[in-house]
Every structure is written in structure tokens, then in C-alpha cells.
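One line per chain: the protein sequences are B and P, in this order. Here the first sequence stands for residues 48 to 357, numbered as in the numbering used here. Here the second sequence stands for residues 1478 to 1766, numbered as in the numbering used here.
One should not assume that every hint holds.
[Claimed, not checked] Derived pair list, reagent style DSS-like, types lysine-lysine, alpha-carbon separation capped at 27 Å:
1) P:K1520 / B:K202
2) B:K259 / B:K174
3) B:K236 / B:K259
4) P:K1763 / B:K236
5) B:K266 / B:K236
6) B:K168 / P:K1763
7) P:K1613 / B:K99
8) B:K174 / B:K73
9) P:K1763 / B:K174
10) P:K1613 / B:K236
11) B:K266 / B:K174
12) B:K236 / B:K168
13) P:K1578 / B:K266
14) B:K73 / P:K1578
These aren't lab readings, by the way, just hints derived from the structure by calculation.
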Amino acid sequence: MPGRQVTKTVDSTAFDRRNADWYFDKLVQVLVFIGGISAIIFVVGIFVFITKEGLGFILDRFDFHEFFTSPYWYPADEDDPEYGILALIAGTASVTGLAMLVAIPFSLGAAIYVAEFASGKTREALKVLVELLAAIPSVVWGFIGLSIMNPLIIKLFDVPVGLNVLNAGIILGLMAAPIMTSIAEDALKAVPDRYREAAEAMGATRWQVIYKTVLPAAKNGLLGAVLLGVGRGFGETMAVLMATGHSINIPHSVFDSVRALTATIAAELGETAVGSDHYQVLFTIGIFLFIITFIINLTADLIVRGVRKG
Amino acid sequence: MFETSALNLHNQRVQRLFNILFLLMTMLLITPVLLILGTLIVKGGSVISIDFLFTSPTNGMTAGGIFPALFGTIWLVAVALMISVPLGVAAAIYLSEYAGKNWFTRIINLAIINLAGVPSIVHALFGVGAFVLFFKFGTSILAASLTLAIMTLPVVIVATRESLQAVPLAFREACWNMGATRWQTIRRVVLPNAVSGILTGVILEVSRTTGETAPIMFTGAVFFTPFLPQGIFDQTMAMSLHLFVVSTQVPGVPEDLPYGVALVLIAMVLLMNSLSIAFRIYLRGKKKW
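Please take these sequences and the hints and turn them into a complete structure.
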């Protein structure tokens, strides 16, 4: 028994490697862990803080029915303010919808060309161009809508105002296309080459390989790309603020001016007093935007990841 | 025995057709942008001069230059970088070197995707609620830069994680076998081999931060101020917001002036991006393993 005691003492001194380096290592591990969870903290923080600011309205004034079904948005009316966001939802939906009509065919087409047809230098050049396209800031896109697209639409279609669904839809389509192209291209690249080889061995042409083999195999990834494009369009602020005309409308044609959810916050937050109903309802819209984009991103991620496992 | 059948010919024609169709679509995606850039250069080029870059706006922003906005953007980007780069690199080190393949890592990844996907105006609301009001920074460079830093954090994390993961595991194993701790391995072996990749990501983030408008509108950037910022608690003008202001908010701005502002802004952004891309291509050619 005493012998054992001795062995134990020897063990703990001779093999204890807990020197300064060891402790420093542990410290770093804690620090990088804090960095690692920072993204979680921020996402939760965003939700907590916008809810905190909007909570007063949600508890006291919030009328679910009025909020989502009334097209009347008069938050600044002193006697009888109305808080219906239906027209704003219609504005966002119409612009995003048109943007997707523009972006989906072009970005999928471009992704297929870059991933399957182009090779070598052409492919590299196209990828760089698409990446630069994605870099143009949204306020510049808004300016383009305002000063280049606006007169162009007035001239081409002979309409009085060129700031409308068509203008913002095209702008937003061009903005969403690059990101959709690069995600779609990743999805196509993720299809194993042996699928293509097998199809080619059967005598299929390049197009037959793509149409019958690659596209079905990349289906989920492509869907994820489209969803992320929708999320991008939905949350876009400056370009939509500047190019839609910013007037409250449920649009009947692409030449109607509309106003988007995001743009409303951007345009009105500066004019409201902190803590007022108007201020709080803008944060409530923010909560709505947060939840919708959260769902879109989550779904896109689940779909894309589903395909990786399969 | 191997002659081309009618079916083969037909199939080949179809393939060529689709090849051209998709090429056209790609071109149609890129051409408008080149046209737009061309227009910006033609209309904005005449405005830009040394004076334009280095003087303040005058006559209620209908004349003069853009210096306070340019200077403010540099402040905002610099402070944002000081916050997001250490945090983002730490997060990437954790994800690449420490995190296991489990539900917790999955949640972190999901949070990163969501952070990147939250609309910029919601980031602005967060900035107002958290930094301007709760932490009482007021509308200041600090509040605006914190908002920008959190918004662009995913860019740094994703780029850094990719370049860390590109360092072969064998490098780490060799170092561990010498008795080095995890941190010593990261510090001496992993980071030096990944530093250029991280730099590419940082440059990309500079470009993103420069162009953002909505997150700084209510947190620290103002339409006009006669003073240059002296510290992080001052308000400032910014290039992106200045473009918004001169193109929508100020009456009587000469037609060419906003083009000049837009051209300078886009030149800054595209320069940074091209730098990042060029750097990446150069690195790919240089890779030792």
C-alpha cells in the first residue's frame, strides 16, 4: 500500500505537462470558442433587440387581422393611425416575383454554361465577371434604377413614371442573379463526374448528359440557389427604396409604383420618435422580415444539405 | 459501322443549340452591367478631379467635392475591420481546428448562414436597438461600425475557414508529433500557411463594408456634417449614404454630380474585389501542396 502511494506521487510530477504553454493553449481554446459562438449570440441578439424595441406595439396595439390584411398604412396620422402592411407585402412580393422571373432562367443558364460547357480561361473569366457583378453595392443599383432605368422605361413603354415594379424587378433580378449563379454552379459541380462518364459512355451528347443526368442529380442544390435568391430579393433595401417609386399601392401591372417592407423602414425610421407607436411598428415589420428570411435560409440550407447526404 | 446516323446528327445539333443558348444567357447577364459601368464612367468621369476628391460639398451639397464622405467611409471600414477580423478569424479557427462534426457545429453554421441572410435594414434596426440606445453609444462611428462588423462577419468567417481547411492535416500531425500544443500548431504552422487566404477574405470584406448603406443610415452616418470625425463617438458622412442623399434627397443637384459619386464608390468597391480575386488566382498558382 505505501508503495503505491509513492508511485502516484512520481506520476503526478514527472508526467504533469501542465506548463505555461498548456494553460495558454486552454486559454486560446476558450477565446476561439467565444468567437465560434459569436454568430449564434449575434443572431439571437438581433432577434432579442428588435423584439425589445417592437414589443410595446405588439403587446398594446397589435391587431393581427389589421396588420396583415389591411392595405392602409398611415402610421403618422395623429388621430387615427392605421398599421396595415398588406400593400407593403404586395410591393415586396411583386418586385421579388418579377426579379425571380428575370434571375432564375438567366442565372441557371449561366451556371450551366459555366459549369458544363465553358472550360479553361473562358470559365475563369466568366466566374470573375459574375463575382464582380455581385460586388456592386445596392445603393449604386438604386442609383442606376433612378437615373438610367427610369428614363429608359418612360421612353420605351411611354408611361408617365419609370420608377415601378418593372424597374425594381429588373434591378433586383440583376442583383440576385450572380449569387444564384455561383450557388447553382456549386450544386452542378457537386454532381460526381462518374455520373457524366456513365451517361457519355452510353453515347449521350453533352446536352443529353446535362438534361437527363446532371440536372436531376443537382435538383435540390438548384432549388436551394433559387430560395437564397428569393431571400436576397426579399431583404434588399436601398435599391428597392430608390427604384420602386415608393408609393403605397397594390400593383395591378408592372408599371405601377409600389413600396416594399424594407424600404418603408429605411424611409420612415429617421422621422419617428424613439418609443412612439410608429417607431415600434417599424421594428415589428423588422421582426416579420427577420422571421421570414430565417425560414427561407433554414429551408434552403436543409434542402442543400439533404442533397449532400444523399 | 461507325457512320453518323440521322439521330446522332440531330442530337449534336441540339447540343450546339443549347451551348449557344446558354452562352447567350450568360452574356445577357453580363452585358447590362458592362453597359451600366460604361455609362457611369462616361457621365461621372467628367466630374472627378483632385478637387472633387479632396474638398467638402458646398452650396447645400449641390457643388463641391466628397472629401468628408470619403474620409468617413475610411473611418467606418477601419473600425469595422478592427472588430470583425479578430472575431471572424477566432470563429473560423474554432470551426476549422476545434469543432467536432456534431449538432452544435451545425447550429453555428446555421447561425452564420442566417447572419448573412438577415436583411440589411434589420441589421440597422438591431444597431439602433442595441448599440445606439441600449449601450448608449449614440449615433456614432462606433455604433455604425459595430453594425457593419456583425453584418459582414460571415464573409471573414467563411473565407478564413476555407483557407484554414485548405492546409493539409499532415502539416498539423507533424507538428503535434513534435509535442506542440494545439495553439502552437495553429500559430506556427496553420496560420502562416493560410494567411494569404485570410487576407483575400478581409479585402472582400472591405469591399462589402464600403458599399453598405442601410446599416449605417440610422446608426452613425449622417446626410451632412461640416466637421470631419475626430474619434469613434463622432457622427460622420459616408460615400454610400452620400450617393443616396445627392441622388434622392437634395433638390437642384447638377445631373452629373451623383454619377461622379457613384463612380468613385463603385471604383473603390471593384478595385478591392479585383485585388481580392487577383490575389486568389496568384495564390492558386503558387500553392506548394
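Okay, the hints, checked on the actual structure:
1. P:K1520 / B:K202: Satisfied, since the Cα-Cα distance of roughly 20 Å is no more than 27 Å.
2. B:K259 / B:K174: holds (25 Å)
3. B:K236 / B:K259: Distance of about 16 Å is within 27 Å: holds.
4. P:K1763 / B:K236: holds (24 Å)
5. B:K266 / B:K236: At roughly 12 Å apart (the allowed maximum being 27 Å), K236 of chain B and K266 of chain B satisfy the hint.
6. B:K168 / P:K1763: Holds: K168 of chain B and K1763 of chain P sit about 18 Å apart, inside 27 Å.
7. P:K1613 / B:K99: holds (15 Å)
8. B:K174 / B:K73: Not OK: K174 of chain B and K73 of chain B at ~42 Å, beyond 27 Å, violated.
9. P:K1763 / B:K174: Roughly 20 Å separates the two Cα atoms, so the pair holds.
10. P:K1613 / B:K236: Violated, because 48 Å separates the two Cα atoms, which is more than 27 Å.
11. B:K266 / B:K174: holds (21 Å)
12. B:K236 / B:K168: Given pair K236 of chain B, K168 of chain B holds - Cα atoms ~17 Å apart, limit 27 Å.
13. P:K1578 / B:K266: Holds. K1578 of chain P to K266 of chain B sits at ~26 Å (cutoff 27 Å).
14. B:K73 / P:K1578: holds (21 Å)
Hint compliance for this structure: hints 8, 10 are broken, all remaining hints hold.
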